[in-house]
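Listed in order, the protein sequences are those of chains A and B. Numbering (our numbering) for the first sequence: 1 to 332. Numbering (our numbering) for the second sequence: 1 to 314.
Bear in mind the hints are in silico, worked out from the structure with no lab data behind them. Beta carbons are placed, not taken as given, at the ideal position from N, Cα and C, and that holds for glycine. Please note that the accuracy of each hint is not assured.
The following label-pair restraints were derived from C-beta to C-beta distances [unchecked claim]:
#1 Glu-126(A) <-> Glu-207(B): 21 to 31 Å
#2 Val-9(B) <-> Gly-87(A): 46 to 56 Å
#3 Ala-64(A) <-> Leu-92(B): 19 to 29 Å
#4 Ala-199(B) <-> Gly-87(A): 23 to 33 Å
#5 Val-9(B) <-> Glu-126(A): 37 to 47 Å
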Amino acid sequence: MTRSRDPVLSVEGLSLSYDTPNGELLALRDVNLTIGPGEIVGLVGESGSGKSSLMQAILQLMPAAARVTGGRILFEGRDLVQLGPHGMSGLLGDRISVVFQDPMTSLNPVLTIGRQMIDIQHRRPESRAAKRRRAVEMLRRVRIPDVESRIDRYPHEFSGGMRQRIAIAMALMAEPALLVADEPTTALDATLEIATIKLLRELQQEIGCAILFITHHLGVVAELCDRIDIMYAGELVESGPVMPVFRDPRHPYTQLLFACDPAQIREATRHLPAIGGGLPDLIDLPQGCIFAPRCPRADQTCRRLHPADRPAGRSELVRCHYPDAPRLEVAR
Amino acid sequence: MLSYIARRVTLAIIVILTVIAAMFVMMHAVPGDAVRTALGPRASEAMVEAYRARLGLDQPVWVQILRYFGAILRGDLGQDAISGTPVLQVILSQLPDTLYLIAGAMLVAVIPGIHLGVVSATHRGSLFDRVTSVLSVSVMAVPSFVIAIYLLLIFSIRLGWFPAIGSGDGLADKLHRLVLPSIALGLAWIGYLARILRASMLEVMAENHVRTARAFGISQRRIMYDYVLRIAILPTITVLGMGIGQMISGAVFAEIVFGRPGVGKLVYDAIANRNYPIVTGTVLLTTGFFVLVSLLADLLIAFLDPRVRNVISR
Numbered sequence: 001m002t003r004s005r006d007p008v009l010s011v012e013g014l015s016l017s018y019d020t021p022n023g024e025l026l027a028l029r030d031v032n033l034t035i036g037p038g039e040i041v042g043l044v045g046e047s048g049s050g051k052s053s054l055m056q057a058i059l060q061l062m063p064a065a066a067r068v069t070g071g072r073i074l075f076e077g078r079d080l081v082q083l084g085p086h087g088m089s090g091l092l093g094d095r096i097s098v099v100f101q102d103p104m105t106s107l108n109p110v111l112t113i114g115r116q117m118i119d120i121q122h123r124r125p126e127s128r129a130a131k132r133r134r135a136v137e138m139l140r141r142v143r144i145p146d147v148e149s150r151i152d153r154y155p156h157e158f159s160g161g162m163r164q165r166i167a168i169a170m171a172l173m174a175e176p177a178l179l180v181a182d183e184p185t186t187a188l189d190a191t192l193e194i195a196t197i198k199l200l201r202e203l204q205q206e207i208g209c210a211i212l213f214i215t216h217h218l219g220v221v222a223e224l225c226d227r228i229d230i231m232y233a234g235e236l237v238e239s240g241p242v243m244p245v246f247r248d249p250r251h252p253y254t255q256l257l258f259a260c261d262p263a264q265i266r267e268a269t270r271h272l273p274a275i276g277g278g279l280p281d282l283i284d285l286p287q288g289c290i291f292a293p294r295c296p297r298a299d300q301t302c303r304r305l306h307p308a309d310r311p312a313g314r315s316e317l318v319r320c321h322y323p324d325a326p327r328l329e330v331a332r
Numbered sequence: 001m002l003s004y005i006a007r008r009v010t011l012a013i014i015v016i017l018t019v020i021a022a023m024f025v026m027m028h029a030v031p032g033d034a035v036r037t038a039l040g041p042r043a044s045e046a047m048v049e050a051y052r053a054r055l056g057l058d059q060p061v062w063v064q065i066l067r068y069f070g071a072i073l074r075g076d077l078g079q080d081a082i083s084g085t086p087v088l089q090v091i092l093s094q095l096p097d098t099l100y101l102i103a104g105a106m107l108v109a110v111i112p113g114i115h116l117g118v119v120s121a122t123h124r125g126s127l128f129d130r131v132t133s134v135l136s137v138s139v140m141a142v143p144s145f146v147i148a149i150y151l152l153l154i155f156s157i158r159l160g161w162f163p164a165i166g167s168g169d170g171l172a173d174k175l176h177r178l179v180l181p182s183i184a185l186g187l188a189w190i191g192y193l194a195r196i197l198r199a200s201m202l203e204v205m206a207e208n209h210v211r212t213a214r215a216f217g218i219s220q221r222r223i224m225y226d227y228v229l230r231i232a233i234l235p236t237i238t239v240l241g242m243g244i245g246q247m248i249s250g251a252v253f254a255e256i257v258f259g260r261p262g263v264g265k266l267v268y269d270a271i272a273n274r275n276y277p278i279v280t281g282t283v284l285l286t287t288g289f290f291v292l293v294s295l296l297a298d299l300l301i302a303f304l305d306p307r308v309r310n311v312i313s314r
């Protein structure tokens, strides 16, 4: 995919830390990420990799202890960091929308679906009836059966899959330029997951919005996304078009991550493969490359110097000193 | 829903019957002889026996209990031991003044209590929040009769803004005289409600759906008063229901200090005079009132919370 057009979102050198009783926790360090118009970008990483922190920074819905210590988040020419939570509320639910992870708790339990869908159109100078018609129309598009009678029901009267479709309908009703989807299918079972992803892709094509799809499910990324961005311990370590990166990952973490994906295992085994070691302490960071303590081919350079972002193979960004080294496999 | 109401009403009736029985037992366990007290020390033995027979106190205890239940079911709470007027009539004549007082106290408590709770939760940890929390605990700690006496000293005696005693005639005068007693009775509840609501709001604010509302750019004010308060108020309603019931006993102090007629004043005088029928009648009616208000609070919650409504209707 060419990236000639201006990106919808571009995160440039973003650093974010949390004030904790034990010191400053460096949750994001110099993160670079771009999303082109209409692009679906899969953001992958294990728990604690900084996916959620990055999402919260983009939405400016950060906890009180969080502080952006450097970088910019450009959206349609505006820096969201400068805009802050207050200025951001003008964009949220209009140009940028979100679908959250848990459909069982992400809707208000004591307000009807219709009421909530009318409320989120608070910027439109229209009658309630017009807003309600738009809500009905949008619920039809996400295939909620029998919408006219169901719109005045409460969230608990819908199944999990339906609630997530309602959340998608709410997010896309304003036809945003960017949809942030935070593990929207993780809480659903496998069949619902596939159906929800299909629906999301259909709606994305109709509306033409870009999607930042946060997940730890590599299969979903392969199925849905145009690009993949891999995060590790607060850094974005590799970024590129989905299929080429899957075929030829360049960062050692990406290589090991793919090798550990249970979907990749061909032979019967008693032990699932794993990357040795654990996440580094983000309050007291190791010198040099963040992945060096776990990387099988780390050398003195890796342990001493922090690597720069560089293109390698088909990947546009690899944060590694040796992106052209032979591909790593996991020892079984 | 209907079966839920039926179940709650049955429960309420059982509570009232238990209270009647308990009260009967307690009245008999209390030292002192009602008949001798009523007739005075110079009454002859024959007079005492005759009066005892008239009141049915010479019968076995179980007969007395059954008669008592039967009478109550007929709405007969006995006669005032002193004036001979039916107890029900005496209490009902005093009830409106007490109900006005409770309504006034509720008004004093609810509106500031809710707003303080919401604002404290919204600006958690701020100076406003800390000051509110200290003041809340302070007003809760001071007994309402102390507040009543100080209000009386400052606003009636020193400043002369309000009449000191009586319930007044005519609407304007009645309302004027209601101000100080209502504040005396309601002030502690401002703090109590603010504390409960703040905690409950903070709990709801941490729920995912609030984050969703924020992510759609809905204003903070709208989120707090519409999305959070609507859920956070539910436990407060239960507390408020019990609070209204408790206020009847709180009213005793306010009514005595401000010299107002009312159920509290009535029962206070009745206890002093060992006027048992009035005491038991009042206890019975206030219990009924307490149970009724709690019942209404539960039904209101069921009405306001679609999740409860749904569980109930199954």
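Going through the numbered hints above, which ones does this structure break? Give me the numbers in ascending order. 3
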